[in-house]
Amino acid sequence: MLEARLQTGALLKKVLEAIKELISDANFDCSDNGIALQAMDNSHVALVALLLRHDGFEPYRCDRSLALGVNLTSLSKVLRCAGNEDIITLKADDTADVLSLTFENTDNDRISEYELKLMDIDSEHLGIPDTSYDAVVQMSSAEFLRICRDLQVLSDSVQIDVTKEGVKFAAKGELGSGAVTLKQSGNVDKEEEATLIELQQNVSLNFSLKYLVNFTKATPLSSRVSLSMSSEVPLLVEYKMEAGYIRYYLAPKIGEDN
Amino acid sequence: MGIHGLSKVIGDNAHEAIKEDDIKNYFGRKVAIDASMSIYQFMIAVRQQDGQLLQNEHGETTSHLMGMFYRTLRMVDNGIKPVYVFDGKPPTLKSGELAKRTQKRKEANASREEAEELGDTEAIDKFNRRTVKVTPEHNAECKKLLKLLGIPYVEAPCEAEAQCAALAKAGKVYAAGSEDMDTLTFGSPILLRHLTFSEAKKMPISEISLRKTLDGLGFTKEEFIDLCILLGCDYCDSIKNIGPTRALALIREHKNIETILKNLDTKRYPIPEHWPYKDARELFLNPDVIDPETIEIKWESPDVEGLVDFLVRDKGFSEERVRKGCERLEKNLKTATQGRLDSFFTVTSSPNKRKADEAAGGKGKKATPAKGKSTGGGRGRPRK
Numbered sequence: 001m002l003e004a005r006l007q008t009g010a011l012l013k014k015v016l017e018a019i020k021e022l023i024s025d026a027n028f029d030c031s032d033n034g035i036a037l038q039a040m041d042n043s044h045v046a047l048v049a050l051l052l053r054h055d056g057f058e059p060y061r062c063d064r065s066l067a068l069g070v071n072l073t074s075l076s077k078v079l080r081c082a083g084n085e086d087i088i089t090l091k092a093d094d095t096a097d098v099l100s101l102t103f104e105n106t107d108n109d110r111i112s113e114y115e116l117k118l119m120d121i122d123s124e125h126l127g128i129p130d131t132s133y134d135a136v137v138q139m140s141s142a143e144f145l146r147i148c149r150d151l152q153v154l155s156d157s158v159q160i161d162v163t164k165e166g167v168k169f170a171a172k173g174e175l176g177s178g179a180v181t182l183k184q185s186g187n188v189d190k191e192e193e194a195t196l197i198e199l200q201q202n203v204s205l206n207f208s209l210k211y212l213v214n215f216t217k218a219t220p221l222s223s224r225v226s227l228s229m230s231s232e233v234p235l236l237v238e239y240k241m242e243a244g245y246i247r248y249y250l251a252p253k254i255g256e257d258n
Numbered sequence: 001m002g003i004h005g006l007s008k009v010i011g012d013n014a015h016e017a018i019k020e021d022d023i024k025n026y027f028g029r030k031v032a033i034d035a036s037m038s039i040y041q042f043m044i045a046v047r048q049q050d051g052q053l054l055q056n057e058h059g060e061t062t063s064h065l066m067g068m069f070y071r072t073l074r075m076v077d078n079g080i081k082p083v084y085v086f087d088g089k090p091p092t093l094k095s096g097e098l099a100k101r102t103q104k105r106k107e108a109n110a111s112r113e114e115a116e117e118l119g120d121t122e123a124i125d126k127f128n129r130r131t132v133k134v135t136p137e138h139n140a141e142c143k144k145l146l147k148l149l150g151i152p153y154v155e156a157p158c159e160a161e162a163q164c165a166a167l168a169k170a171g172k173v174y175a176a177g178s179e180d181m182d183t184l185t186f187g188s189p190i191l192l193r194h195l196t197f198s199e200a201k202k203m204p205i206s207e208i209s210l211r212k213t214l215d216g217l218g219f220t221k222e223e224f225i226d227l228c229i230l231l232g233c234d235y236c237d238s239i240k241n242i243g244p245t246r247a248l249a250l251i252r253e254h255k256n257i258e259t260i261l262k263n264l265d266t267k268r269y270p271i272p273e274h275w276p277y278k279d280a281r282e283l284f285l286n287p288d289v290i291d292p293e294t295i296e297i298k299w300e301s302p303d304v305e306g307l308v309d310f311l312v313r314d315k316g317f318s319e320e321r322v323r324k325g326c327e328r329l330e331k332n333l334k335t336a337t338q339g340r341l342d343s344f345f346t347v348t349s350s351p352n353k354r355k356a357d358e359a360a361g362g363k364g365k366k367a368t369p370a371k372g373k374s375t376g377g378g379r380g381r382p383r384k
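Protein sequence lines, in the order shown, are assigned to chains A and B. Take the first sequence: its letters are residues 1 to 258, numbered as in our numbering. Take the second sequence: its letters are residues 1 to 384, numbered as in our numbering.
Hints may be right or wrong, so weigh each one.
[Unchecked claim] To be clear about the criterion: a stretch of chain B counts as covered by chain A if any three or more of its residues have a C-beta under 8 Å from a C-beta of chain A, and this derived list gives those stretches:
(1) 23-29
(2) 340-347
[Said to hold, decoys possible] Partner residues are not named here, just some residues of chain A that face chain B (Cβ under 8 Å, in silico):
(3) S43
(4) V45
(5) R146
(6) S230
(7) S231
(8) P234
(9) L236
No wet-lab data here; the hints were simulated from the structure. Yeah, the Cβ is synthetic: ideal placement off N, Cα and C, and Gly gets one too.
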C-alpha cells in the first residue's frame, strides 16, 4: 500500500498544473523510491517524466510497487479543493480501485477527504537513453517563459541556436520576425537570473512553440530551467524541485527531405 | 464489400487493436489511400442539398473532383502526405461479386423509378445514391487533378487495397487509408479508416493494427485470412449459416478451412458448389501488385495555373477557393515537419501489470467499456 504525506500541498497542485495540459491520463508509478510518472502526449511529440522522491514526503511508505492510473483532469479538479497551505496525504491499497486524498488545514482544524476512481491505462514506457548533450543552457525559468510567449506571437516554431557567446531564440512568421539573445553571464549577484552555457559543440534546432509554452506551465515549480540539446535528438527541458524533478522531452522539427 | 463484419469481430475480440485518434495527430505521416473507393465515396456523399450530384454548367458531374480537392486539402492541412492508389483490372474471382453489385444497382434503379412515380423524395434520394457508378472518365479526371496538385498516385495492376497494403508493408508509407477491411487481410500493418471523411462529420480516425489484431485473436496470418474468407470476402461466397461467432470458433478449433471442411456437418452448413477458397486465400497472400521498391513517391508543388484552368474554367469551381487551396498546399509542403519521440526513444514495456493479471485470471469480470466513449479523448478505462 501507499501512504505519502506532503507538507506543502501547493507543490502537488503545481505539479498537476504543469502536466495536465499535455497528458490526459497517466499512471503514477509508486515505489519505495518515490512517485514517478512517465507519459507521452497523444501525438507522441512530447514526453513528461516526473519524479517526486520519497524524501520529499514525511512520512512516505510504499511496500509494494504499484501503478495508479489517474485521469489528470479529474485529479486536478479534486486538488483544487485543497488549500495552498494544506497538508496532503495520498493513500492507496495494493488492490485499490480508488486513490484517497486527505487535505488537512492545521490553522482551522479542517479535514477534507476525497476519493478518486482509478483507471486502467495502457501506457507504453519509453526507454530514454543517457545522452551527453552538445549544449546545456541553464537560465531563469521566468525568462524562458517570457521568451516563449513573446515569440509565439510571430510563429509556431522557434529556432534555438547555442554558441559560446550565448543562446539565441528566433522566430519567423507571416507578420515578421523576432529574436531574443541571452548572453552567457557570470552575474554572481543575481544567481537566479544568470544564463550559463556548457558547450561541446554549437547547436541549431527547431522546435514547436506550442509545446514549449506548454512546458513553461512548470515555471512556478522552480526559478531555474535547463535546456539540453544535441543535433537531431529531442530537447530536454528540466525543472528541478527540492526533492525531484519534472522533465519534458520534445522531438525536434525536421526539415523537408521527402 | 470488404470483409463482412470483420470490424465488429475485431472490436469484440481484440479491441486493443482499434485506436481512435484525431486527424491532427497524424501529421508527417505518409498514407496510401485507396482512390477508387474514395471517389465512390465522394460521389455518394458530396452532394447538393437536394441530394443531386454536383454539376458544372454543362451538366458534368463534379462531386468526385470536389471531394478529391477538399478532402485532400484537409489531409495536407493536417500534415498528412497522401499518395493515392487506383484500381487496375479486377481479379477474375471478383466477377461474381461485381455481377452482384451490378444487379443491386439495377434493382436500385428500378426502385428509384418506382419511388419517382410515387413522389417519395426521400426514397428517390436513397436509391439515387445506390445507383452511383464510377466511370473511367471520373477516374481519369481525378488523376489529372492529383497531377496538378502535385500529389503522387500509383496505378495498381489489380486491387487498390492490395497495393496500399504492399506499400505499407514495405514501409513506403505509414499506413493504408481505406474503408475496406480487406486491406488488413491483404497484410497492411496499419489501416486507417475515416481518413477521407468530411470535417463536418467530426469522425475521429480509427487506426487498426494488424499485429494487435492477430495477437488479440491469437491467430497467425494464415488463420486470419481463412477467418476473413469464412466471414465473407469479395472473392468467393461464404458458407451458409456460418456467422462471425461460428467462423471464429471453427478457426480456433481447426486452424484452417481444409480441416474445417473435413469436420463440418455439410447438411447444416451446405458448402457452395463451386467454392474457390484456395484461390481467394492465394489472392490475399500473394496479390498482384507492383513491387513497392520500384515505386517512387514524390510530393511536388501544385500547378496553380493548371488547376485554375481545369477546376475553374472547365469545372466551374470558385477561383478564389482554388487559389487559396493552392497556397495551403504550398505552405504545408515547405514547413518543417514535427518529429516524433518514437523514432528516438524505444518502447521498453507496454501495458501495466494489473491488466496482465486480469487477462490471465478473472476473464469474466473484465470491464470492457463501450468503444470510443471515453471522455476527453483519454485512453484509460475505468477500473470499476
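These are the hints, each one checked on the structure:
1. 23-29: holds (count 3)
2. 340-347: As far as the region 340-347 of chain B goes, the hint holds, because 8 residues have Cβ atoms under 8 Å from chain A.
3. S43: For S43 (chain A), the interface hint holds, since the closest Cβ of chain B sits about 4 Å away, which is under 8 Å.
4. V45: holds, 6 Å
5. R146: Status violated, d = 24 Å.
6. S230: Hint on S230 (chain A): violated, closest Cβ of chain B at ~11 Å, above 8 Å.
7. S231: violated, 12 Å
8. P234: holds, 5 Å
9. L236: Hint on L236 (chain A): violated, closest Cβ of chain B at ~11 Å, above 8 Å.
Hint compliance for this structure: hints 5, 6, 7 and 9 are not met, and every other hint is.
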